[in-house]
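Student: Here's the letter readout for the chains.
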Amino acid sequence: MILKALLLKALSEAVGVSGDEGSVRAVVIEAVREHVDELKVDALGNVLVFKRGTDEPSASPESGGQRLRVMLDAHMDEIGLMVVGHDSDGFLRVRAVGGIDPRLLPGTLLQVGPERIPGVIGVKPIHLLEEGEGQKVPQLKDLVVDIGAASKDEASKLAPLGTYAAFATQFREIGPTVSGKAFDDRAGCAVLVELLKGDRFGFDLHAAFTVQEEVGLRGARVAAYAIAPDCAFALEGTIADDIPKDKDASPTTALGKGPAITVMDRSFIADRRLVRLLTDTARELKIPYQFKQPGIGGTDAGALHLARQGVPSVTVAVPCRYIHSPVALLSMDDFENTVQLMRQALSRITWRTLRRN
Amino acid sequence: MEVIPLLKQLSEANGIAGYEEPVRELLRQKWQPFVDEMREGKLGSLIALKKGTGADGSAARQVPRPKLMLAAHMDEIGLMVTGVEKGFLRVARVGGTDRRVLLGLEVVVHGRRDLPGIVATRPPHVLPEEERNEVVPWDKLFVDVGLPAEEVEQLVAVGDLISIRREMVELKNRRVAGKAMDDRACVAAVTLALDQLAGVRHAWDVFAVATVQEESGLKGAITAAYGVAPDLAVALDVTFGKHPGVSEVDAFPLGEGPAIGVGPNFHPALVARLKEVAEIHEIPVHIEPIPGHSGTDAWAIQVSREGVPTGLISVPIRYMHQPVETLAAQDVERVGRLLAAFIAGLEADFLDRLAWDTTVEGE
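Residue numbers (this note's numbering), protein chains in the order written: chain A, -16 to 340; chain B, 832 to 1194.
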């Protein structure tokens, strides 16, 4: 397995449902510690790192004599479940943490709590379904998690109220692609680690590995306030809906066509200057890129661009099939090109980039 | 023999109905030390003979000896490729595969080489409201092998099989969850029984049969029963385990013993004997009333040739035909013990006791 895939594997297999990102934080800290000047964990659990720039403080009028502060963001958390009750036969009742798709839950394998207790979700067997029942998606409130506990007492000892559960999926290489859980947004985390590993940029680089994106961009909001950047980039793993469909609907993004640049989604409108910087860089260096279909999804950029008096922001993402499912798929070429595009675009960024015409 | 590692090996082996070779070859190795002869039925069932000693206690002299057939099916449900479209595979089911559990599932496509794959799913973010609560129909289900379209065309053809990829996991209380406990749980139980019978004298010839194509219509049981021509048969399969959403009447708790079927598919005197053996050996069992078609190999075996007195022992499993089929290992061990004790105690003239007028007299 190539080195970059190893990092993605470690990040993907770590468990970090929103509010419980500790295991992912440990992988991130281990990976970036040697490559940054400062590292701290804030009140919510965000990992904030700083890598000093090489530029002399600028004389340009908008700089105020400061080096440019650029923020890079990727969220560490993933969607999952939380234990909210215990049945008399030892089953766990659960609710969603983040955007869980109930269509995907029957038949899945979970890891429950810090001990990673194996658990499964099954539904009424196909043989016992009433007429029409097989057409309906079982709802989360009607599902239970089975960890093999034999009584309510045993279940509540093994998985007390508030215990988190995540999908249990191994990372795999499938030809030129890789599969695993939580590529939204461990793909972004891996891109960000790669960017921190390289040479210093001219500007001061502030990176935030954030918590609680999936429950409302909570970590990014406080991270952006603390950093007070001049501009920000959210790094993501985004929707690639490029499977065959009846209607000729947009694939949102497609696998293998390079990093996806967001111009607008449900959470924000991207800063045109940053979009231009990215597309100009890609075109000049012949790095493939695509635009994400406008209007779909939301990212930490939704919080970043509203920090303090406002922050010009953009989202750049690795296209991933089957995000929010137990197993997603991405192309390592797209991953590589996302790192390349970001590195090249960042190396060109100056105060002038942010000047309004 | 340890039951959990055995269940793991058997559940993880592939063997979709009609294509049972991988699991059959595994089983051939497992059974080899315990049986006198082994052959393959014409549809692929594995038929093993452990010779009995007959009425006079000598395997050599009394020919023919009465024949008991044990039948547990080794096939599992799965998918088949029906088309290739833009590098994605269209699929149909083999056996009673439940499409409610397919989205986001890892699979193995048995093309020119085995290709790991994923059942494709559109993220909820892009789905129209009405589709978010709809079970995806077969014509919108695709398998993705993560390769460029041209390469997929080279490697995969219509008719290729697709297995569910799922490692068995151990839950608490010796419960395990895996993809093919239906019916590898009972294949394991038969294996345990053969192990326990090693060196034990029994009057009857025992034909242990791992049948094929049960999931596609009891095909292996029909043909293997004809080939073996047993005097008596016990089929072994799974029944419904209790969990929320399933009626108490349809299901049995895990870990409290196997179920013995009663109803038209089963000979009452054989049922009585199985219950009696369980009681003597302090093996807890449930009675499972089955008013008609048992949906198991027993249904086919009972009407083989001139008719065969048949019984059924079932292991309760939760979430049947889902990749998380869950059972209690102790129930599998109990079926193994029950079978071994039943066989060891089977008198050479047991058939006479099954005569109908005798049963009537006893009432």
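Don't take each hint at face value.
Claimed, not checked - Listed next, the in silico DSBU-like pairs over lysine-lysine satisfying Cα-Cα at most 30 Å (straight line): (1) B:Lys1003 to A:Lys230; (2) B:Lys1003 to A:Lys124; (3) A:Lys(-8) to A:Lys240; (4) A:Lys140 to B:Lys1003; (5) B:Lys971 to A:Lys228; (6) B:Lys1073 to A:Lys119; (7) A:Lys(-13) to A:Lys269.
Claimed, not checked - Pair by pair, the computed Cβ-Cβ distance ranges are: (8) B:Glu981 to A:Gly278: 26 to 34 Å; (9) B:Val1080 to A:Gly278: 47 to 55 Å; (10) A:Val67 to B:Leu1182: 54 to 62 Å.
No lab work stands behind these hints: they were computed from the structure.
We put the CB at the ideal spot given by N, CA and C, even for glycine.
Student: All the hints need checking, so say for each whether the structure fits it.
Tutor: Results for each hint:
{"no.": "1", "hint": "B:Lys1003 to A:Lys230", "in the structure": "46 Å, violated"}
{"no.": "2", "hint": "B:Lys1003 to A:Lys124", "in the structure": "23 Å, holds"}
{"no.": "3", "hint": "A:Lys(-8) to A:Lys240", "in the structure": "22 Å, holds"}
{"no.": "4", "hint": "A:Lys140 to B:Lys1003", "in the structure": "12 Å, holds"}
{"no.": "5", "hint": "B:Lys971 to A:Lys228", "in the structure": "7 Å, holds"}
{"no.": "6", "hint": "B:Lys1073 to A:Lys119", "in the structure": "21 Å, holds"}
{"no.": "7", "hint": "A:Lys(-13) to A:Lys269", "in the structure": "22 Å, holds"}
{"no.": "8", "hint": "B:Glu981 to A:Gly278: 26 to 34 Å", "in the structure": "33 Å, holds"}
{"no.": "9", "hint": "B:Val1080 to A:Gly278: 47 to 55 Å", "in the structure": "51 Å, holds"}
{"no.": "10", "hint": "A:Val67 to B:Leu1182: 54 to 62 Å", "in the structure": "58 Å, holds"}
Violated hint: 1 only; the structure is consistent with all others.
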